[in-house]
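Just need the whole structure built from these sequences, with the hints factored in.
4 protein chains.
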Amino acid sequence: MVIVMKHQASAEDIGKLVAHIEALGFKAHLSSGAERTIIGVIGDERGLEPENFALFDGVERAMRVLHPFKLASRDYHPDDTIIHINGVAVGGKNIPIIAGPCSIESREQLFEAARAVQAAGAKLLRAGAYKPRTSPYSFQGLGLKGLELLKEARDAYGLPTVTEVISPNDVTLVAQYADVLQIGARNMQNFALLNAVGETQKPVLLKRGMMSTIEELIMAAEYILAHGNARVMLCERGIRTYETATRNTFDVNAIPVLKQLTHLPVIADPSHGTGHWNLVTPIARSAIAAGADGLIVEVHPDPTQAFSDGGQSLKPEKFAQLVAQARKIAQALERTI
Amino acid sequence: MVIVMKHQASAEDIGKLVAHIEALGFKAHLSSGAERTIIGVIGDERGLEPENFALFDGVERAMRVLHPFKLASRDYHPDDTIIHINGVAVGGKNIPIIAGPCSIESREQLFEAARAVQAAGAKLLRAGAYKPRTSPYSFQGLGLKGLELLKEARDAYGLPTVTEVISPNDVTLVAQYADVLQIGARNMQNFALLNAVGETQKPVLLKRGMMSTIEELIMAAEYILAHGNARVMLCERGIRTYETATRNTFDVNAIPVLKQLTHLPVIADPSHGTGHWNLVTPIARSAIAAGADGLIVEVHPDPTQAFSDGGQSLKPEKFAQLVAQARKIAQALERTI
Amino acid sequence: MVIVMKHQASAEDIGKLVAHIEALGFKAHLSSGAERTIIGVIGDERGLEPENFALFDGVERAMRVLHPFKLASRDYHPDDTIIHINGVAVGGKNIPIIAGPCSIESREQLFEAARAVQAAGAKLLRAGAYKPRTSPYSFQGLGLKGLELLKEARDAYGLPTVTEVISPNDVTLVAQYADVLQIGARNMQNFALLNAVGETQKPVLLKRGMMSTIEELIMAAEYILAHGNARVMLCERGIRTYETATRNTFDVNAIPVLKQLTHLPVIADPSHGTGHWNLVTPIARSAIAAGADGLIVEVHPDPTQAFSDGGQSLKPEKFAQLVAQARKIAQALERTI
Amino acid sequence: MVIVMKHQASAEDIGKLVAHIEALGFKAHLSSGAERTIIGVIGDERGLEPENFALFDGVERAMRVLHPFKLASRDYHPDDTIIHINGVAVGGKNIPIIAGPCSIESREQLFEAARAVQAAGAKLLRAGAYKPRTSPYSFQGLGLKGLELLKEARDAYGLPTVTEVISPNDVTLVAQYADVLQIGARNMQNFALLNAVGETQKPVLLKRGMMSTIEELIMAAEYILAHGNARVMLCERGIRTYETATRNTFDVNAIPVLKQLTHLPVIADPSHGTGHWNLVTPIARSAIAAGADGLIVEVHPDPTQAFSDGGQSLKPEKFAQLVAQARKIAQALERTI
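Protein chains in written order, with numbering that gives the first Met the number 0: chain A, 0 to 336; chain B, 0 to 336; chain C, 0 to 336; chain D, 0 to 336.
Honestly, the hints are just simulated from the structure, not real lab data. Since the model is a prediction, treat every value here as computed from it, not as a measurement. Misleading hints may appear alongside valid ones.
Since the list gives no way to pick one copy over another, a pair counts as held whenever it fits inside one copy or between any two copies.
[Stated by the list, open to error] Listed below are the simulated BS3-like cross-link pairs for lysine-lysine, each with C-alpha atoms no more than 30 Å apart in a straight line:
#	residue 1	residue 2
1	K26	K314
2	K5	K258
3	K201	K92
4	K69	K5
5	K5	K314
6	K15	K201
7	K5	K144
8	K327	K5
9	K92	K314
10	K258	K15
11	K317	K327
What follows is the structure, given as structure tokens:
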């Protein structure tokens, strides 16, 4: 931590602060210039709250200098983490595509979607049984019935599955039916839920909150890692900005930033990232080009009839085109799909 | 809902869409102009998804025309809702102030804070036992021990209490110890938690998510109301913008907007709203002037020692000044504090 | 400036950087801890670019520690600046209200507005002759003809005038007709224009850009001050955020922040700040309560016929109510209107 | 335009509004449902202001249904516009790269940069003589001397040039020295400047404002087109969001949205888009993958010595790697670099 003193700070102000720093078990190094004094606080700053230091007399500002995460950090774990999910590796040279409908609506709809995405080259099946919806009057998902259908589809098509869990109470149940637990954007800082999935040994797909910083996303992963579950995939899914031409602003920049800061695989969700089916394919290409380790894409047999997210879902034939184009971009980077 | 057709939409496109609208039990009214046709969908649109209609051939856009909320709406319930909490009324002419420390740290700290805020004129005591923290390495709250201390302080000073609940599993327990259940900003769209507090008959203080629109805040309240709990207070606590001079941007505009759209009381949180103790008092004044029905303010006996939110906590004497100033603004509007 | 070295930075890295700092005429103070070294750069950092230092081997981050402004700073000029405009003082205990139509449309419209705002208590008249419009097909203002009408209205009602200038070429002309030169939000960083108004001795009303930080606003004022014109009023007029319930998000927080950082008067524009006439009065009250030194409000004799900004313009009788309410808030703070 | 009436609107309210619409020369079509009436306004709505209609009694909302642009619209001009700049075509199958230093600092620096970017495959040279800087104390550019150096470098290396113009007064001069006039982000809505470049026949590179919507960018282009200059290139250069890990958030989504809405070429600026040299190459790749028609990249012989933007400038050898990688992505899409 660095503490910048005000121009007019007195020797007494500085003395009191240094005494406080030392009482906490840290060392204080002073740099005194013509205009002001800067105090470097030496020691592991992760437990300190800069804002408390800013309250001392004579202090202008106190700033953290280290990133607050550790287990998720590339400094701590320099090599890429590769997560194995029933034979599918995420985080290596191959770029798996996760696809399927937003919601599980019926056996027929789910199976038709599963068949189509598998035929087009998807390696995992996504579909929601518990749906977080803005309105209490919207379809809330089939719940347990949905999980059962998902397991059937998984076995029928040989695709490991990804599904969202929205309450700590449901974690054990969902973990029995699905291969990957998804934490949705609205729950990225639902710490009770993060702790619950951290205590399973299931892979987790952790979506960035729609107005969460990259650092907060990594800190949310840190919760899961600190509870003993090392198999976390980070997912960029669009952030909220002032722009309304797209539902969200897919933050492609987050992909290389996350790859630099952490060792965890980074998945891109161009469906939620844009909110419009006709933007999904170009944004999927751009995500791969930026270094994404996987894609998660919404596909529905008939989007006009979808119970949720129809506007951003691809028809199966459009999804097949997406896979073909994404594959060419992957090859240009010497990766595979 | 209104559907705008493309310039080049064919009669067949329009015919198919009208047939689809009628098959769903709605009526379609066509306005055909020189440049394009507009279709009004007549009926209760709340169950419709505009994005699905936008997928039909020839459609340019489909837009909702009604607000999606009902129970929380002032149209539905024109008079202000007044919530009674052990003798304190919220939503009427009097403007109660809720105050206390961010976290319960010890009996001594909590009692000192309670005594001070009561002396200064606060009507309810706030303090957290379960703390949602960005870092897993930060203080997470005293939990049950904290709830017990809170109940003691409540009885000692005769102040009803407000405390946060962060997991559906804890709702029943927290409801036994506290008078008002607080839903924090990060959990505003934690629907499992909204449903759980909706099933109690405890008053709820619902904080706006830092990434949430005013409409989404009202829809979150709608979840609680739809589960049978009518005692919801809405709380503006600052939103996330590009500006970094303040921790959050307290959205004072939300106060009159909420008062126009809903009948629920609106509380302002200038502590989280700004993140800096020296902005709390002017923003508290501005919130009252804009029409807020209450304030919630962080007060700590010694902010430099606070386990959380020290930078935005007021010392007791500063809080007393805030109350005095807020009272003058209230009087200028013919209200009381 | 503070430079944080990487954990793995070598002694050679540090040595090179220190040599570079010294070659630039600064001193380098090292704080070496267990985890990393921090270098304090001692000297007037305003001319340094932190990003260039971040490029040296072994550097993690370089951060500025001082605010980049000087003439506008309260450190440099502790007392409030009071600006006198033909007998109206801005920045003192009295809070003048500037009001009038968005655009000058006709003599009749302008005179009717001027008469009404004067009767209600406004001290200055605002009206635009040069209009920056998003669309080239929208009304662009009456230009010179508008300036002439504005001068007539000024003389007829004894109200000093505020009008926008949008090109450096027009500054001399506009300065002949108006008492205050307004720089609009879209031109806040039009540096050619800032320099041009800086070279006049006319008071300037400088509006914050809709996505400019508070620091950038002060730096724009610094351009004007550095060109020799000390009579600058800063104006908060709403920023752009994700929220769409209001046209802009009036950032009430900017008022106390600006009052702390600078000595310049701060004016609030609740009309652009919210974009809806029925929010203008509560937000005007909140701005005064937060410490604003003046208001600028759009008033039109018949908003349904306005050539621009009809939706946010008050009718004369609503404006009179605004003045009455704002006055009560001012009195609660021991100020006058 | 569509006008949604309130539930409680009276027949008289509707009658008055219809009369007003017809008096303006438009037709009104009514759709009356159980809950409310919707009025479609039939005619060319571009000259109407929805907000004025929203002021009539009984009106809930008035919404535009058409995009407000025309000349820039793909509806109006379905084929891609290709702009020829001294033998370099922009907007076709080939993707030219524009590169060079942020500022012209000296003949040596400029020539070294020009030689390096040409050798690496750049087709145009960028460099600034007039610099819009946040601080009046920062380097403001070499002005005319810079333009002369730029022309020398152009002739020496056979690279057409792109340089920024910041005042309408300078347009004629800059047009004599450079091949493309750049409008910077801060001037995107400097309408006096847009009009001035619209009256030349020079190609224009128009950068998106950091606070501007995609629609506003297209409307700014519309100003230039409406003044008779059809050679406009649009440039995405990052927008301002709450995220601070990058200087700006490069909005990759804008690329396919702009390609759908307009016929103008779209250029990507990954240097300003991210603000960090080590993100420039992955974001350059992602922009090409999303469909960009060109890149503009900052390159400096020694970024640690740059007068501006050192942190986001590439060294020549890094730029050569960028070109090689971008070329592979272009080939994957059957385009060339």
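For each hint, the structure was consulted:
1. For the homomeric pair K26 and K314, the shortest alpha-carbon distance between copies (28 Å) is at most 30 Å, but the shortest distance inside one copy (61 Å) is not.
2. When the C-alpha separation of K5 and K258 is checked against a cutoff of 30 Å, the pair qualifies only between copies, where the shortest distance is 18 Å, while the shortest distance within a copy is 38 Å.
3. Proximity of K201 to K92 under the C-alpha cut-off of 30 Å is restricted to the intra-copy arrangement: shortest distance 22 Å within a copy versus 46 Å between copies.
4. In the homo-oligomer, the alpha carbons of K69 and K5 lie at most 30 Å apart only across protomers (15 Å), although the nearest pairing inside one protomer, at 32 Å, exceeds that limit.
5. In this homomeric assembly, K5 and K314 come within 30 Å of each other (Cα to Cα) only across copies, at 21 Å, whereas the closest approach inside a single copy is 61 Å.
6. Taking the shortest Cα distances, K15 and K201 never come within 30 Å of each other, neither inside one copy (50 Å) nor across copies (46 Å).
7. When the C-alpha separation of K5 and K144 is checked against a cutoff of 30 Å, the pair qualifies neither within a copy, at 63 Å, nor between copies, at 40 Å.
8. For the identical chains of this complex, K327 and K5 are neighbours neither inside a copy (57 Å) nor across copies (34 Å), given an alpha-carbon limit of 30 Å.
9. Both within a single protomer and between protomers do K92 and K314 lie at most 30 Å apart by alpha-carbon distance, with minima of 28 Å and 28 Å respectively.
10. Taking identical chains as interchangeable, the C-alpha atoms of K258 and K15 lie at most 30 Å apart only when they sit on different chains, with a minimum of 29 Å there against 42 Å within one chain.
11. Both within a single protomer and between protomers do K317 and K327 lie at most 30 Å apart by alpha-carbon distance, with minima of 16 Å and 24 Å respectively.
Violated hints, listed in ascending order, are 6, 7 and 8; each of the other numbered hints is respected by the structure.
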